[in-house]
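**Q** Given chain A, work out where chain B should sit, using these hints.
Listed below are the residues making up each chain.
Number of protein chains: 2
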Amino acid sequence: MTTTENFTNGVNVDQLMQTIKHVQDDPALAKFEFRAKNNWIEGGRCVSSVKGFYGVGQEDTTRKETFTMECDHPNVLLGEDKAATPAEVVLHALGSCLTGAMAYHAAANGIEIESAESTLEGGCDLHGFLGLDPEVRKGFDGVKFKLKVKSDATAEQLENLARFSPVFDMISNPTPVSIEIVKC
Amino acid sequence: MTTTENFTNGVNVDQLMQTIKHVQDDPALAKFEFRAKNNWIEGGRCVSSVKGFYGVGQEDTTRKETFTMECDHPNVLLGEDKAATPAEVVLHALGSCLTGAMAYHAAANGIEIESAESTLEGGCDLHGFLGLDPEVRKGFDGVKFKLKVKSDATAEQLENLARFSPVFDMISNPTPVSIEIVKC
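Protein chains in written order, with our numbering: chain A, 1 to 184; chain B, 185 to 368.
Chain A with its partners taken away, still in its complex shape (with noise of 0.2 angstroms):
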């Protein structure tokens, strides 16, 4: 028996409609947790490193490699701009996250996307991480999404897809985050 594979936008539609029904069958598949591990350098400079995550009914066993980040501030923001900064940071995940969920999206429904490329913006105000004026928020005030794409849907398409985006939904609706602090 041969069997092929049916791929979409370099997603495999057949294992995504699998996990469909794996996780409609199953609910309790559904559940991921993700990690990182953050290690403080000097100043403004941290390094994370990712590797296990929990998800599909168990701590998967699959990932072989541990992925390794840095963060760092330019010379204006004090830093030794060793790498991006965590705002930088953001606005990669959100634009690989906006493309990516757009991309399976239009893959389970029978949407070729031949290219995808897109730039981000976010603005933000000083006085506010200064701690110099409370009304003036910390972190960006807005960011920019524009992305140029090769196919035959329509733009409204194609954003009604992309809005399936799980770190555009953290970034324009509250997230909550716990933080606990141990003395060592």
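Since the hints were made in silico from the structure, they are not lab data. Since this is a predicted model, take the numbers as computed values, not measurements. Built from N, CA and C at the ideal position, the CB exists for glycine as well. Take these hints with a grain of salt, some might be off.
Cut-off 30 angstroms, straight-line C-alpha distance, at most; resulting in silico cross-link-like pairs (BS3-like, lysine-lysine) [what the hints assert, rightly or not]:
#: 1; chain 1: A; residue 1: K144; chain 2: B; residue 2: K266
#: 2; chain 1: A; residue 1: K51; chain 2: B; residue 2: K221
#: 3; chain 1: A; residue 1: K21; chain 2: B; residue 2: K266
#: 4; chain 1: A; residue 1: K64; chain 2: B; residue 2: K332
#: 5; chain 1: A; residue 1: K37; chain 2: B; residue 2: K248
#: 6; chain 1: B; residue 1: K332; chain 2: A; residue 2: K31
#: 7; chain 1: B; residue 1: K266; chain 2: A; residue 2: K31
#: 8; chain 1: B; residue 1: K266; chain 2: B; residue 2: K235
#: 9; chain 1: A; residue 1: K148; chain 2: B; residue 2: K367
#: 10; chain 1: A; residue 1: K31; chain 2: A; residue 2: K51
#: 11; chain 1: A; residue 1: K82; chain 2: B; residue 2: K215
#: 12; chain 1: A; residue 1: K82; chain 2: A; residue 2: K64
#: 13; chain 1: A; residue 1: K82; chain 2: B; residue 2: K221
#: 14; chain 1: B; residue 1: K215; chain 2: B; residue 2: K205
#: 15; chain 1: A; residue 1: K148; chain 2: B; residue 2: K215
#: 16; chain 1: A; residue 1: K31; chain 2: A; residue 2: K21
#: 17; chain 1: B; residue 1: K334; chain 2: A; residue 2: K183
#: 18; chain 1: B; residue 1: K221; chain 2: B; residue 2: K266
#: 19; chain 1: A; residue 1: K146; chain 2: A; residue 2: K82
#: 20; chain 1: B; residue 1: K235; chain 2: B; residue 2: K205
#: 21; chain 1: A; residue 1: K64; chain 2: A; residue 2: K31
Here's a subset of chain A near chain B, in silico, CB distances under 8 angstroms, partners left out [what the hints assert, rightly or not]:
#: 22; residue: G55
#: 23; residue: K138
#: 24; residue: E159
#: 25; residue: I179
**A** Here is chain B on its own, set in the frame of chain A:
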């Protein structure tokens, strides 16, 4: 005349105090805009590049390096597992930002941090992303940040310093994201 630089936690405290004074003298210097370009590879795999930003009243000319970052998804989420997921990248940005904010504000307050390391956990339920249940959110239902710190300050003091984090604000409070899709 000898200039002695005054560093605490790897932060140049004199430069930090000058930055605060400059912003107080000319509020327009506090406006920053960070940017990323994102290119879709296939499926849930993307690469971002980060270089230019606006801040301190001008387009930055000091950053020499373009930082590139990837996202992918593990096999169980139909990816090739070439890089961390966007959700994990958010944890990296959040942990780095909370820790960096603590280090900067501690320095400004004469509090020394000897070491800091943290773990971050974010849970989600695929019923949201897959569109199987509109009541289930697509992103994390919450993030747990646990930070071990070696410092003479109290845990409460340190938490109050970490809460200046811009990414903590972006995640825990709603940040408007505009989406513009252009067909090409």
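**Q** Hint numbers the structure violates, sorted upward?
**A** Checked against the structure, no hint fails, so every one of them is satisfied.
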